[in-house]
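Undergrad: Sequence:
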Amino acid sequence: ADTSYSIPGMASQPDSCGNWYPYHVCDECGEPIFSESHCGLRRCPECWWEWVRETAKKIVKRIQAYRWAQDDGLDRRLIHAMFSPEQKDDWTISRVDGMRSESYELAQEAGVTGGGALLHMWRTTDDLDGEFRAASEAGVADKKWKYLRETYGQGWRQATEVAPHVHQIATAPEFEPEQGDWVAKRVRTLDAMRSLSHPSSYEDVAGLAMYLLSHTAIADGEQALRWFGDIYPGGFNPEEELSEGALETIERMAAEAVEPEGTDDEDDTEPFQDDEKCDAGTEGCPGQRMPIWDVPSARRMNWWDELDRETERRMTVAVDWMMGDLDPPPCSTEQEARDRLALMADAG
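Those letters in the sequence shown? Residues 1 to 348, per UniProt numbering, in order.
Because the hints were derived from the structure by calculation, they are not lab data. Hints may contain errors.
Label-pair distances were calculated between CB atoms; the ranges are [claimed, not checked]:
(1) Glu178 - Ala134: 35 to 45 Å
(2) Glu105 - Gly130: 30 to 40 Å
(3) Trp293 - Gly40: 16 to 26 Å
Okay, derived cross-link-like pairs now, DSS-like style, lysine-lysine, Cα gap no bigger than 27 Å in a straight line [to be verified]:
(4) Lys144 - Lys88
(5) Lys58 - Lys185
(6) Lys185 - Lys88
(7) Lys58 - Lys144
(8) Lys58 - Lys143
(9) Lys185 - Lys57
(10) Lys146 - Lys58
(11) Lys57 - Lys143
(12) Lys144 - Lys185
(13) Lys143 - Lys185
(14) Lys185 - Lys146
Just so you know, these numbers come straight off a predicted model, no measurement behind them. Where is the CB? At the ideal position from N, CA and C, for every residue including glycine.
Please work from the sequences and hints to get the whole structure.
TA: The structure is reproduced here in structure tokens:
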């Protein structure tokens with residue numbers, strides 16, 4: 001089972017990821033605007049953190065919606081719980097699946113009403129723990145799994161050992177697990193949800209979710225995040241339980257908790273923002289970005305009163321490129337993509 005699973009970001013980057021394309025044109029000057037493509041896949045070394053953030057938003061939104069739908073008090077209490085079975089030398093995929101299912105049953109027997117669960121297949125070795133402590137004391141490392149990624153890269157498995165266990169972000173009015181052959185513990189209780197827009201309750205869930213997702217076990221064809229109990233989609237529908245206004249507030253707060261305003265994230269992999277100003281290089285242009293897919297209908301409505309022949313030709317080539325009517329070689333930089341479009345326009 002070990003080799004069937006990996007952690008996010010440890011596969012090869014897909015061929016289509018990281019290339020530059022004319023995703024937009026300016027709705028004022030008509031010039032094509034280029035952006036870098038991102039696959040958003042959890043296995044991609046460039047996009048895995050985008051997957052972590054998007055999945056964390058889903059976790060925060062669903063859990064906070066469920067908490068708000070409950071009576072105030074213990075029914076809203078949220079915990080981080082961990083369930084670890086007796087370890088074996090021959091963990092097969094079927095045994096891992098059985099272990100995951102059993103962890104949900106044990107959680108509910110202990111008082112958990114429902115939650116989201118993430119499988120972790122590995123623990124770090126004693127040697128890695130020692131390396132990290134030294135690096136941390138030297139002030140050059142602050143997070144163990146981040147240190148492992150940066151130090152070992154694709155060879156990360158050599159610093160880990162197989163030890164499947166399940167982490168849960170779960171609602172639990174009480175939590176009294178029976179140990180038996182399992183180690184079951186409440187790691188901590190998360191911040192209380194004192195109001196619908198209480199920032200720290202969202203931030204606490206977001207931080208924990210992103211940490212757990214950063215080294216969760218992933219496998220082809222399997223969902224990394226599993227809901228169970230009362231929070232399972234078949235048992236809880238936020239649209240039926242909460243008002244539209246409450247859902248909008250929860251969605252906004254979740255997004256802000258995962259991606260706080262004003263942060264400069266080096267792993268920012270959003271390919272574009274539709275409301276950005278024109279940055280096609282036309283000085284002083286007040287235009288906005290228009291998705292390339294909207295250009296044909298905009299042209300039929302005579303959106304642009306006047307375009308010179310060269311600009312109109314570049315726009316046409318950009319549309320044909322993105323529609324698949326033209327198939328130039330991949331462009332790994334913005335300048336390369338601009339040059340390629342210019343060549344195709346000149347050849348037109």
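Undergrad: Now look at each hint and say whether the structure bears it out.
TA: These are the hints, each one checked on the structure:
1. Judged by the Cβ atoms, the range 35 to 45 Å given for Glu178 and Ala134 holds: they are separated by roughly 39 Å.
2. Here the CB-CB span from Glu105 to Gly130 is close to 37 Å, well matched to the stated 30 to 40 Å.
3. At roughly 18 Å, the beta-carbon separation of Trp293 and Gly40 lies within the given 16 to 26 Å, and the hint holds.
4. Our distance criterion of 27 Å between C-alpha atoms is met by Lys144 and Lys88, whose separation comes to about 25 Å.
5. At most 27 Å may separate the alpha-carbon atoms for a hinted pair to count; Lys58 and Lys185 meet this at roughly 25 Å.
6. In summary, the hint linking Lys185 to Lys88 is supported, as the alpha carbons are separated by about 20 Å, within the 27 Å threshold.
7. A hinted pair counts as satisfied when its Cα atoms are at most 27 Å apart, and Lys58 with Lys144 qualifies at roughly 25 Å.
8. Straight-line distance between C-alpha atoms of Lys58 and Lys143 comes to about 24 Å, which keeps the hinted pair within the 27 Å bound.
9. Annotation: proposed proximity of Lys185 to Lys57 holds, straight-line Cα distance about 25 Å (limit 27 Å).
10. As the CA atoms of Lys146 and Lys58 are separated by approximately 23 Å, the hinted pair is consistent with the 27 Å bound.
11. Distance restraint check for Lys57 and Lys143: the Cα-Cα separation of roughly 21 Å lies within the 27 Å cut-off, and the hinted pair is therefore satisfied.
12. Our distance criterion of 27 Å between C-alpha atoms is met by Lys144 and Lys185, whose separation comes to about 21 Å.
13. Only pairs whose Cα atoms come within 27 Å are accepted, and Lys143 paired with Lys185 is accepted, the gap being roughly 22 Å.
14. At most 27 Å may separate the alpha-carbon atoms for a hinted pair to count; Lys185 and Lys146 meet this at roughly 24 Å.
Hint compliance for this structure: every hint is met.
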